[in-house]
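Participant: One letter stands for each residue in the lines below.
Protein chains: 2
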Amino acid sequence: MDRARQRLLAARHVYIVCHITPDGDAIGSLLGMGTALQKLGKTCTLACPDPLSAKLAFLPSARQVISDPPTDQDTIVTVDVSDIGRLGSAYVAETFRSRPVINIDHHVTNTRFGSINLIRPLPSTAEVVLGLVRRLGVPLDTDIASALLMGLITDTRCFRTGNVTTRQLRTAIALMNAGAPLADLTEHLFNCEPLSTVRLWGQALAAVQTRDGVIWAEISQEMMRRSAATPSDADGLSSFLASTAGMDGALVFREQEDGRIEVSMRAGPGHDLSGVAVALGGGGHARAAGCTVDGPMNRARVRVLDAVVNALRGEAAPGRPEAGALGPPGQAGGA
Amino acid sequence: MDRARQRLLAARHVYIVCHITPDGDAIGSLLGMGTALQKLGKTCTLACPDPLSAKLAFLPSARQVISDPPTDQDTIVTVDVSDIGRLGSAYVAETFRSRPVINIDHHVTNTRFGSINLIRPLPSTAEVVLGLVRRLGVPLDTDIASALLMGLITDTRCFRTGNVTTRQLRTAIALMNAGAPLADLTEHLFNCEPLSTVRLWGQALAAVQTRDGVIWAEISQEMMRRSAATPSDADGLSSFLASTAGMDGALVFREQEDGRIEVSMRAGPGHDLSGVAVALGGGGHARAAGCTVDGPMNRARVRVLDAVVNALRGEAAPGRPEAGALGPPGQAGGA
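So the protein lines, in turn, are chains A and B. Take 54 as the starting number for the first sequence in my numbering and just add one per residue. Take 54 as the starting number for the second sequence in my numbering and just add one per residue.
Bear in mind the hints are in silico, worked out from the structure with no lab data behind them. If you're wondering where the values come from, they're calculated on a predicted model, not measured in any experiment.
Facing chain B, according to a computed beta carbon distance under 8 angstroms, are these residues of chain A, among others:
1) Cys211
2) Glu240
3) Trp254
So the derived label-pair ranges between C-beta atoms look like this:
4) Met54(B) - Val161(A): 47 to 57 angstroms
5) Arg279(B) - Gly367(A): 34 to 44 angstroms
6) Asn230(A) - Ala146(B): 41 to 51 angstroms
7) Arg278(A) - Val355(B): 27 to 37 angstroms
8) Met54(B) - Gly367(A): 52 to 62 angstroms
9) Thr218(A) - Met54(B): 30 to 40 angstroms
10) Gln59(B) - Arg58(A): 50 to 60 angstroms
11) Asn230(A) - Arg58(B): 26 to 36 angstroms
12) Arg173(A) - Thr124(B): 52 to 62 angstroms
13) Glu147(B) - Ala107(A): 55 to 65 angstroms
Ideal placement from N, C-alpha and C gives every residue a C-beta, glycine not left out.
With the hints as constraints, model all of the structure from the sequences given.
Facilitator: See below:
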């Protein structure tokens, strides 16, 4: 924390970047960090390798987010980026090699690729950023607080994840007291689904299947067309499936335009699918991971399902008594 | 508040009852109120006219909930009951006429049928109960706090509704500090949907329709059978539909076994469907209301849709400039 603070106080032009296919914690952390450094008089360039969805672009400070990295920055900050691969086109080896990189994140699988690594196992990267903003002595204003609350409520699905304690609620109160509008944020993030999302989910859920404690849905290009859907319409479907009682894992297979299959994975409390995601060429958290595999759908389904079922079964081996079955819900929240 | 307190302090046997087809706020308020009065040494009978779903029955104190009213109570308390009709078979005219009835609720449409009416326009009835429990001087314990937090997070969908302020977060912290396990509660309430729910939602969402800013889904008895669903599987579907961008209203029509049609209504920010619900023989809140009308589905759909569309249009009349259209989401949260 102190090394990050010192480096930032000495910086003149800071380039801050988040990960590809950004979510609310990536963008919230990006905007919160950038706005705070601007209040310290720093020149900041905020970048995201992919375009922002309408849902994420509504905060005023989001207007300054660009996709191309600058060339004259003296310091690089990455937020919510667990490994270099998640930077996509924003990773330019020469640029990253020649400048200090402050890696701010909350993923336990973070590869510590920075010259300074500020990794805290908190529910959201926004909370790690908040700690640094406070350490920098920047008073919270509405812009900073709104961005960081967006991050916090995205990654906790509005305080519904098992890692939420009174600490997260106290943080939310502090951010709201600084001007963050919780109700506006929840309205934007959770209550503004396009009609295409509803139609796509309907098609996918109507044909949902289960096997060996795993529930899954498949989304074909044909279903995307019928629903006039974009890829982001599938966001959240795997979390929804994971809320099915008695399931250890939930998968959503989505056929991409190039015919490859994007797989979103969710594990029940006490389970870990990050390993199988990595083995299939992806990554993520224990309970939320993903990968992209070759099509067609039939082949991808068999390959991934077998791997996931085996991974969930393997957890039941002696010495790992906590896994292999979805525990009684009363004991599940602490996972 | 003081009259309710005095009556309860003088009572010996209190009969507490919540509404038909109970939700987490009804049961949480019932259990919280009952457990608190038991700690004061009162004999309490806790009743609900309908059976509790597995989701609502997991708190230990839920075991004492019965369906038949006793005969020797000297005081009646209703919780989360907006009108007598919502008591179903629990309403026995002679019993209610001959005893003091303390009506504890948060619905603005409450008909004030009690001899003492403790109605507060808070996001949940559980918060009204909490105020009374504190006024009674009962220290919060894990049982009381867990029940009341269940009520609070049910009716705010875990702090996602537009009426949530720091007050609700501070209340949650107080309840958690008294032992309420937020993560266990969210796991049970939001992450344990039966497979039948997923299948039923899939069928309903796949056939969703829209007209004049209203989105609706229809659930027939045939769909219920195909999904092996129970009525509670439809819970939450209208809130899900209400999260569709650009819609002023969301409806779910569910055919009951007796052929009548239960209608769940949700209004977008700035809209009010409580009036049309009352006009159709139901009740509720501005943004979450409901009624039950005669079937068959076709007739119910036409009748209710016309009424809802007219109500939403009528709001646009001069003098009520805030309504008639879904405002930009950035201004929506304060509704």
